[in-house]
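As given, the protein sequences belong to chains A and B, one line each in that order. In this text, residue positions in the first sequence follow the working numbering: the first is 146, and each later residue adds one. In this text, residue positions in the second sequence follow the working numbering: the first is 36, and each later residue adds one.
Quick caveat, the hints were computed from the structure, so don't treat them as lab data. If you're wondering where the values come from, they're calculated on a predicted model, not measured in any experiment. Just so you know, even glycine gets a beta-carbon here, dropped at the ideal spot from N, CA and C. Honestly, I wouldn't trust all of these hints.
Claimed, not checked - Footprint (simulated), chain B over chain A, 3 or more residues, beta carbon under 8 Å:
id	segment
1	150-159
2	204-218
To be verified - Taking lysine-lysine and the BS3-like style, the derived pairs with C-alpha atoms no more than 27 Å apart in a straight line are:
id	chain 1	residue 1	chain 2	residue 2
3	B	Lys216	B	Lys193
4	A	Lys211	B	Lys208
5	A	Lys211	B	Lys121
6	A	Lys211	B	Lys216
7	B	Lys186	B	Lys216
8	B	Lys121	B	Lys208
9	B	Lys208	B	Lys193
10	B	Lys186	B	Lys208
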Amino acid sequence: MFHIFCPYCQEYREEEEFHPSGQAHLVRPADPASVSDEEWGDYLFFRDNPRGIHHEMWVHRLGCRKFFNITRDTATYEILETYRMGEQPSITAANAEVRREQGVQTADGGWQTVGAQPENSRLNEETPS
Amino acid sequence: MSEARSEASVGNAATFDTHPGADAGVTPESPLQWSRVQGRVTEEGGAAEQIRVVERPFLGHLVLRGGAITLDEAVRAELGVSLPGKPLGLVLDAEGSRSVQWVSPDEWLVIVPAGEEFELENRLRARLGDAHFAIVNVGGGQTLLELSGEKARELLMKSVTYDVHEHGLPVGKAVGTVFAKTSVVLRRPSEERFELVVRRSFADYCVRWLRDAGREYGLRVESASP
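Let the sequences and hints guide you as you build the complete structure.
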């Protein structure tokens with residue numbers, strides 16, 4: 146069960162109150178009439194499925210009913226940060242090592258998940274498979 | 036109640052009074068009408084139990100949407116209370132019968148005594164003028180249940196995922212959360228009571244859940260008016 150920090154309610158809530166809404170930061174082509182079928186198809190149907198850091202859109206459907214973004218590690222299920230719509234993530238796949246050094250923090254400076262707390266950090270370390 | 040009183044048009048929005056009055060020939064039924072027919076609700080008063088659930092039907096529920104600063108000015112002028120300054124805030128007037136609640140960053144729920152919401156909506160619309168806002172009367176879609184008694188918190192602990200302890204839900208806080216597999220707005224207007232704003236169509240279900248969950252403590256469900 147995730148314990149998710151809602152950036153609008155400014156507190157942690159149970160996953161039950163939320164619903165995932167797919168990949169975040171999709172940009173609709175500015176002029177749909179002029180893009181090729183392939184580009185339009187990519188925009189409409191094709192989504193990233195990374196192993197590792199993924200930016201997702203979630204909605205706090207039973208709370209404030211606002212959409213916001215979550216940066217999540219699909220391999221460990223760690224939630225690395227939550228941020229409002231329109232904001233950019235501070236943790237991306239390109240700077241993923243940042244979190245290893247700095248720990249896993251949310252926008253409010255707190256620890257996001259139980260698994261991400263310092264005493265449990267061993268659980269988050271990748272094991273050779 | 037005359038036509039002129041029950042319908043109005045302020046700006047380009049048509050509003051109407053959802054309380055048609057006794058002479059309109061319509062008998063209002065509370066969302067717990069079915070529960071009452073089934074004998075799950077009793078009249079107010081009676082033996083003291085450890086938990087009391089009191090329905091407050093027909094209150095005026097208005098949802099205000101728009102910019103916080105614009106709405107704050109209007110609400111302060113018309114209602115005498117300011118919008119809650121922080122997320123999840125709940126502000127009551129001196130009497131305790133009118134409240135403004137934070138629902139989301141651009142949305143507030145105003146609950147006023149029955150019959151006041153039509154006048155209030157018109158006054159707010161007149162005051163807000165051309166500002167970018169929306170006011171929706173949602174009184175027909177939801178109802179309010181008051182929960183009090185020494186075991187009320189324990190009953191809620193069994194029913195909601197939210198932390199209802201003093202540090203999680205202090206007085207003056209209101210949250211939307213999960214209640215018995217449905218949604219609820221959980222409010223803490225004062226030390227001794229909780230308020231649940233539930234969907235009208237789920238009111239009977241919620242009462243049945245509360246009766247079941249409260250059986251071990253002793254629970255009465257009462258209705259303030261038929």
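Here is what the structure says about each hint:
1. Proximity of the segment 150-159 of chain A to chain B, defined as three or more residues with a beta carbon under 8 Å from a beta carbon of that chain, is established by the 6 residues found.
2. Here the segment 204-218 of chain A counts 5 residues with a CB under 8 Å from a CB of chain B, which clears the bar of 3, and the coverage holds.
3. Only pairs whose Cα atoms come within 27 Å are accepted, and Lys216/B paired with Lys193/B is accepted, the gap being roughly 12 Å.
4. At most 27 Å may separate the alpha-carbon atoms for a hinted pair to count; Lys211/A and Lys208/B meet this at roughly 19 Å.
5. Simply put, Lys211/A and Lys121/B have alpha-carbon atoms about 16 Å apart, close enough for the 27 Å limit, and the pair holds.
6. Our distance criterion of 27 Å between C-alpha atoms is met by Lys211/A and Lys216/B, whose separation comes to about 20 Å.
7. Taken as a hint, the Lys186/B and Lys216/B pair is honoured in the structure, with Cα atoms around 21 Å apart against an allowance of 27 Å.
8. Proximity of Lys121/B to Lys208/B is assessed by CA-CA distance (about 10 Å); at most 27 Å being required, the pair is judged to hold.
9. For the hint linking Lys208/B to Lys193/B, the alpha-carbon distance of about 20 Å falls within 27 Å, and the restraint holds.
10. Taking the CA atoms of Lys186/B and Lys208/B, the gap is about 19 Å. The hint holds against a cut of 27 Å.
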